[in-house]
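K.L.:
Turn these sequences into a full structure, and let the hints steer you where they fit.
Just so you know, the protein sequences line up as chains A and B, in that order.
Under UniProt numbering, think of the first position of the first sequence as 1, with each following residue one higher.
Under UniProt numbering, think of the first position of the second sequence as 1, with each following residue one higher.
These are computed hints drawn from the structure, not numbers from a lab.
Since the model is a prediction, treat every value here as computed from it, not as a measurement.
Careful, some of the hints might be misleading.
With a straight-line Cα cutoff of 25 angstroms, these simulated DMTMM-like cross-link-like pairs (lysine to aspartate or glutamate) come out [said to hold, decoys possible]: (1) K108/A to D50/B; (2) K174/A to E159/A; (3) K108/B to E17/A; (4) K108/A to D142/B; (5) K61/A to E210/B; (6) K108/B to E47/A; (7) K108/B to E25/A; (8) K61/B to E210/A; (9) K299/B to E367/B; (10) K67/A to E210/B; (11) K61/B to D184/A; (12) K71/B to D177/B; (13) K71/A to E210/B; (14) K67/B to E210/A; (15) K108/A to E47/B; (16) K61/A to D184/B; (17) K71/B to E210/A; (18) K108/B to E187/B; (19) K108/A to D138/B.
Protein chains: 2
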Amino acid sequence: MADPDPDPDPGRLERLERRVRELEEELARERRGRGAARARIHTMSPEVTDSNPYSRLMALKRMGIVKDYEKIRTFTVAVVGVGGVGSVTAEMLTRCGIGKLLLFDYDKVELANMNRLFFQPHQAGLSKVQAAEHTLRDINPDVQFEVHNYNITTLDNFERFMDRISNGGLEEGKPVDLVLSCVDNFEARMAINTACNELGQIWMESGVSENAVSGHIQLIIPGESACFACAPPLVVAANIDEKTLKREGVCAASLPTTMGVVAGMLVQNVLKYLLNFGTVSYYLGYNAMQDFFPTMSMKPNPQCSDHNCRKQQENYKKKEAERPKEEVIEKEEEIVHEDNDWGIELVSEISEEELKAASGPVPDLPEGISVAYTIPDKEENLITGETVTESEESLEELMAKMRNM
Amino acid sequence: MADPDPDPDPGRLERLERRVRELEEELARERRGRGAARARIHTMSPEVTDSNPYSRLMALKRMGIVKDYEKIRTFTVAVVGVGGVGSVTAEMLTRCGIGKLLLFDYDKVELANMNRLFFQPHQAGLSKVQAAEHTLRDINPDVQFEVHNYNITTLDNFERFMDRISNGGLEEGKPVDLVLSCVDNFEARMAINTACNELGQIWMESGVSENAVSGHIQLIIPGESACFACAPPLVVAANIDEKTLKREGVCAASLPTTMGVVAGMLVQNVLKYLLNFGTVSYYLGYNAMQDFFPTMSMKPNPQCSDHNCRKQQENYKKKEAERPKEEVIEKEEEIVHEDNDWGIELVSEISEEELKAASGPVPDLPEGISVAYTIPDKEENLITGETVTESEESLEELMAKMRNM
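P.N.:
Put into structure tokens, the structure is as follows:
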């Protein structure tokens, strides 16, 4: 009997065996991926190994940026709105090792969301908070998650929201450390504003324009900086004809770039605020068309329509008056920076007419920032209710007054 | 008579081949199970439905931002380095519906990468390009992917890299439209620079500082703007004591926030460049400590050490000279913007001594930007090789000269 054909490729068997081993490993990894991705880590270590997910964060201490990075584990942050900005915000905080995250949203994931980061097509149909929790828990099982799948603007849900902000901290019964607004509508922003004014809860606001090419973040400390009801919300001027924007039945545009930048600026501000490094921004805008990033700060309106805001302003004034004098001065310097250190000129763009037509204080806005709308003079439109005394002063007098507030 | 050394298991090869097929199918099923993501879409539609992943991007046309959004499908972008910035860059481009992506990296995913966006713990051990391709294909199956798992800086691989940049476009044999550098080391940046100078390939550079709190992006058009070899690379001054930074055996810090912002700025610049809207930035920095974003532009160095850069400069000059005059003026205005529209003052921060010690042109840098290092005067250190004529001019003369270059 003749020998069978000699093997034309003697290494074939070995290569096939290796390929089987590789595929088996890959399959095992793929299956593990659905379950617990990594074990919990009890102490954040600065050890430089490939398996330590915290080494590059703990390095911030050695680099002299953050004094006590581990402190991040003691904080609770509530993220309201888990869309294009909120989901990335939650992911960044999760990867940074935040102690606890509360997520609020009532939307479902849709394929129409796929032009922004975070959600994936296979999650379409799931609630945003549920889908986000699954992904985030896989990414970092050390973080505690609490998700709320409802609209916070209804009466009942608003009470539940208030309760969780007041009691949902790492230790049940303690308040959260920070609330982040990543919602896309006025009603939800106003609900967060009302809750935070009542509770004296510090929060940060974020927003992206309907044409997708500008956005902003804002820090609101009740009683100390302007709340959302103190003045019309500020937006970054996109230098685009507004007429092309506002048409009926048209969906807003969005870009993963703009939303990623806004989420990055927001969480950077959160880290600086919680871990006490760098300069926390009161307002930071982003104009993508010109790569322009205006900053500013704004005092609260003593005639704010939210009575809890006015109450917080009184409390803040009292606290400031009680402080030792040096401390007060130090604090003042921190807050009042109408001009920034970088030589960006502050030039108001709103017209004299607009200023006069508006009630309440209109801030001295830096170039590139404008108000979303002006509040019509209430005395002309309303017979009852609280009204703001109409000012007969000139623009200059009004401005000077505001600067001295 | 028995065969000499008979195969003890003649069916082994077949069984192994069958096993490989089974495993491959199982793996595909497993991945589809998570994915089954979505079917391919042949035409980008502006239709506003929950199931249309392109509705919010096509809305950019209605909003008057982009004239022809669908054109994005005709472009090919190469991303070199799929780490903290590169992975998010690739994800943003994928979600925006880019035509084709080429990914280059030779690293593996590690748990130590989990403090940045994109990769997940269950992918630890996979090559970065393979893991990225899986995720990105699930997110958007309309994009074409080509991944390269090697280090582009070795001689052979550099040739392969050059070949793919020249021929890896949507239509094989056509060059890519843009190369993005998202690498973390000098050698890889220099390799990209060398390749792009030789090919006349437009590219964008990105970087994040070792202390994680600053970064930048830069557009390089060979012959028209300064290349990476023209001058020491620019970095955003972090206003932090450098001594705390440079210690032996210490790993760099990183943050998902800074890297997300830099990736967002980079891809925004890519979209503006490819789809022709807004102002494309030549250099945009990010200082996270002060929320400061300096911009600038820089002319190429006629004495650049890269001979292909000098050749591209000659070509550019010729092309400019051949243009009708009005066009030239228009183009000039676009490029030369030492002062920007937003009133950010440009103040040089490098000392006179540093300037005099450096060879080659040192740019007139805006506040907040500095050079990563100065190139020591070659005449003092080297006997042979190309040298730059030492300038005996004053700082003011030098500056004036550079402004007129």
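K.L.:
Take the C-alpha atoms of K108/B and E47/A, compute the straight-line distance between them, and say whether it is at most 25 angstroms.
P.N.:
holds (19 angstroms)
K.L.:
Is the straight-line distance between the alpha-carbon of K174/A and that of E159/A 25 angstroms or less?
P.N.:
holds (16 angstroms)
K.L.:
Is the hinted pair K71/B and D177/B satisfied, with a Cα-Cα distance of at most 25 angstroms?
P.N.:
holds (12 angstroms)
K.L.:
Can the restraint linking K71/B and E210/A be considered satisfied, given a maximum Cα separation of 25 angstroms?
P.N.:
Since the Cα atoms of K71/B and E210/A sit roughly 22 angstroms apart, the hinted pair holds (cutoff 25 angstroms).
K.L.:
Against the 25 angstroms threshold, does the CA-CA distance of K108/A and E47/B hold or violate the hint?
P.N.:
holds (19 angstroms)
K.L.:
Would the pair K61/B and D184/A pass a check requiring their Cα atoms to be no farther apart than 25 angstroms?
P.N.:
holds (21 angstroms)
K.L.:
Is K71/A close enough to E210/B, meaning Cα to Cα at most 25 angstroms?
P.N.:
With Cα atoms ~22 angstroms apart, K71/A and E210/B stay inside 25 angstroms; holds.
K.L.:
K67/A and E210/B were given as a pair; does the straight-line alpha-carbon distance stay at or below 25 angstroms?
P.N.:
Within the cut-off at roughly 17 angstroms; holds.
K.L.:
Holds or violated: K108/B with E17/A, Cα cutoff 25 angstroms?
P.N.:
holds (23 angstroms)
K.L.:
Tell me if the straight-line CA distance from K61/B to E210/A falls inside 25 angstroms.
P.N.:
holds (12 angstroms)
K.L.:
K108/A and D50/B were given as a pair; does the straight-line alpha-carbon distance stay at or below 25 angstroms?
P.N.:
holds (10 angstroms)
K.L.:
Would the pair K299/B and E367/B pass a check requiring their Cα atoms to be no farther apart than 25 angstroms?
P.N.:
Since the Cα atoms of K299/B and E367/B sit roughly 18 angstroms apart, the hinted pair holds (cutoff 25 angstroms).
In this structure, none of the earlier numbered hints is contradicted; all agree with it.
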